[in-house]
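Asks: Below are the chains, spelled out letter by letter.
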Amino acid sequence: MSIDRRGFFRVLGIAGLSVGSGRILGAKSGNDPETEFYGILYDSTRCAGCQGCEFACALEHGLPEPDIRDVPVAGTIRKTNENRRSVINVFNTSAGEVYVKTQCMQCNQPACASACLTQAMRKTEEGPVTWNGDRCMGCRYCMISCPFDMPKFEYHSPNPKIVKCNMCFERVHEGKLPACVENCPADALTFGTRRELIAEARRRIYADPDLYHDHIYGEQEAGGTGFLYLSPVPFEELSFNTAVQDRPYPELTRGFLYSVPSIFILWPAILLGIYNATRDHQGEEEENE
Amino acid sequence: MSNIGYTAVKANNGQSTWRFLAGELKPKGKLLTPFNVISAPVILAGLVIIVIRFARGIGSVTNLSQEVPWGLWIGFDVVTGVAFAGGAYVITFMVYILNLKKYKSIVRVTVLNGFLAYVFYAGTLLLDLGRPWNVINPIIGNGFGVSSVMFLVAWHFMLYMLAELIEFSPAIAEWIGARRAGRILSGMTLAAVIFGITLSTLHQSGLGALFLMAREKIHPLWYSEFIPILFFVSSIFAGLSMVIFEGSLSRRVFYDRISEKNKKAHDGIITGLSQICAVTLFVYLFLQILVFIHGKHWDLLGTPMGWWYLTEMIGFVLLPMILFFTAYRRQNASMIKIAAIITMAGVVINRLNVTVIGFRWDSATPYYPSWMEIVVTLTVLFSEIWIFRWIVLRLPVLRESVSRSNNS
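Top line first, the protein sequences correspond to chains A and B.
Going by the numbering used here, the first residue of the first sequence is number 305, and it counts up by one from there.
Going by the numbering used here, the first residue of the second sequence is number 7, and it counts up by one from there.
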């Protein structure tokens, strides 16, 4: 079989495309045991609520400096927004006051990334879920999809950005610790691979079962998240989203998306069939008339 | 009446197409009609609001929040509007695929309506996008987000507008007197129709599938994994009810534009459509009941949202279904119109229940649209009607096409 220049490039192009799409499809399944995402373990029994992480985060990402009078108060929930990617809240629980840090959970299979039609939201190989302004069209479908409501939108800007914790992707990429982890004086935040962190969290629960509630939030939730939580009380008491499903969220649209190619093949064929059937029928009718 | 277009084409022979078009741009008919008097100021106000939106951000004109990122513009203009535009794919299916000649006279006006609906709702989508200059990215491949339902919907909107434009293009060709182009474009109709129906099936259901990942955010009475199927089935009667409603309005407003033959056919058409509406409403109600029983939400029926759910199902699905059936059996045209209006209200309620009312129903600060969002919504609606009227007054939409009446 001979192949000319043009044919060669065509084959090369098709091969390139299929390799490319294979890579995209491959990246979708985060169940790959080879993938070692980095994550952060937050131990609320150690956190003293100093808000050092909030200040470090604002400084690192060029966000407005937090108001020093805006401290966590039990009974009110402070939320992340377009000006702060990470917040500390305090809850009155059966084990006394417990502090909780809130930020993007860095899911293994993020709903936001699968929702994004331009791949502006992306799960990086290192683990952080990042946002790319050159791609984002601001449709806010990521906000609709995220079970933790973490992507925030700059509603009052003509050039709005999606704001959320990106686990200091640039720093992680350079081998440095995320800003909040580096600046935590109470050692409540631990950075590492998810596998190491889950092992460490289990070790802490076994070492002191009276101190910890026996659950690692984020180990199973939403198909596993990069941020993992330890708490002295059940997570309902800390107003965590416990209705969140254990299966990854992108699975909810998978069935629909898988039906698309079959409809694209079946429908035109069926429609053409019906068209031909009715046309013949009508032809007969006209002959009879 | 049917030779208005013919004289236009004849007059065109002497002059250039551009001069003909320039002449056609001039307004026809009275300017100070009640509709114009109401719609013109609303459109002007809407344009001002749109300028503010682009200068100072979406938050300056809408009540959207970090918890409720999609409001009236998406929930009503896009999601509901596209359901109403579903008439085009149903009617083209009946006429071109099932070969039901009876409905041929309403194909053009329905396709025109569908096309304009998509153009304007895609336009609203641009207003709602925070970074609209990046809207081209999923098309040019600055990120093919193939795992996104939104990716499918975006591509389908674009391709479907193209398909509808091809379906409608013979009318444009006739208008400017391009006979040869008209023949070529007519030859592409069947392909466009088949492509269009396939696309419609997928993006009508796709609009529902957009909300599948918001599992905990939508009230359980409206959330189920069957949203895509429910959205697809309801788009059939939503579209046909719109066709019935719009048809009777057009009949009144453009009475002298409609050929005698089409006027006579009108009642036969709407009784036929009412039967289809009744059957699809029945299928839809049946599916809703199945979904409800599967969901095991009996306890929720006693809550205010449960009563609201029952209102939707009984008042806006069961009732119009019975009305359509009775009207069909009694051949009662005015009852069909009433049923169509109730059905349309029901579709609006259903789409808003999924996208806005039931979305974060438990939120401490529920979303209500701001007056500016409502004005912009009306602006979109009114401008669409203006353009529709402009086209109907010039192009062979409601009357028989010239070439066909010449041949016969």
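Source of the hints: derived by calculation from the structure; they are not laboratory data.
Note that the Cβ used here is the ideal one computed from N, Cα and C, for glycine as well.
It cannot be assumed that every hint is accurate.
[What the hints assert, rightly or not] Pair by pair, the computed Cβ-Cβ distance ranges are:
| hint | chain 1 | residue 1 | chain 2 | residue 2 | range |
| --- | --- | --- | --- | --- | --- |
| 1 | B | L296 | A | E340 | 29 to 35 Å |
| 2 | A | D514 | B | G147 | 41 to 47 Å |
| 3 | A | T546 | B | P310 | 21 to 27 Å |
| 4 | B | G301 | A | E523 | 27 to 33 Å |
| 5 | A | E523 | B | L255 | 55 to 61 Å |
| 6 | A | I372 | B | N42 | 40 to 46 Å |
| 7 | B | N148 | A | N580 | 23 to 29 Å |
| 8 | A | R506 | B | P310 | 18 to 24 Å |
| 9 | B | V57 | A | G437 | 51 to 57 Å |
| 10 | A | N580 | B | G312 | 29 to 35 Å |
| 11 | A | E429 | B | K107 | 58 to 64 Å |
| 12 | A | N580 | B | R186 | 52 to 58 Å |
| 13 | B | G321 | A | L367 | 47 to 53 Å |
| 14 | B | L255 | A | N436 | 42 to 48 Å |
Asks: Each hint should be assessed against the structure and marked as holding or not.
Replies: Here's how the hints hold up against the structure:
{"no.": "1", "hint": "B/L296 / A/E340: 29 to 35 Å", "in the structure": "44 Å, violated"}
{"no.": "2", "hint": "A/D514 / B/G147: 41 to 47 Å", "in the structure": "56 Å, violated"}
{"no.": "3", "hint": "A/T546 / B/P310: 21 to 27 Å", "in the structure": "25 Å, holds"}
{"no.": "4", "hint": "B/G301 / A/E523: 27 to 33 Å", "in the structure": "29 Å, holds"}
{"no.": "5", "hint": "A/E523 / B/L255: 55 to 61 Å", "in the structure": "59 Å, holds"}
{"no.": "6", "hint": "A/I372 / B/N42: 40 to 46 Å", "in the structure": "58 Å, violated"}
{"no.": "7", "hint": "B/N148 / A/N580: 23 to 29 Å", "in the structure": "42 Å, violated"}
{"no.": "8", "hint": "A/R506 / B/P310: 18 to 24 Å", "in the structure": "45 Å, violated"}
{"no.": "9", "hint": "B/V57 / A/G437: 51 to 57 Å", "in the structure": "24 Å, violated"}
{"no.": "10", "hint": "A/N580 / B/G312: 29 to 35 Å", "in the structure": "49 Å, violated"}
{"no.": "11", "hint": "A/E429 / B/K107: 58 to 64 Å", "in the structure": "60 Å, holds"}
{"no.": "12", "hint": "A/N580 / B/R186: 52 to 58 Å", "in the structure": "28 Å, violated"}
{"no.": "13", "hint": "B/G321 / A/L367: 47 to 53 Å", "in the structure": "49 Å, holds"}
{"no.": "14", "hint": "B/L255 / A/N436: 42 to 48 Å", "in the structure": "47 Å, holds"}
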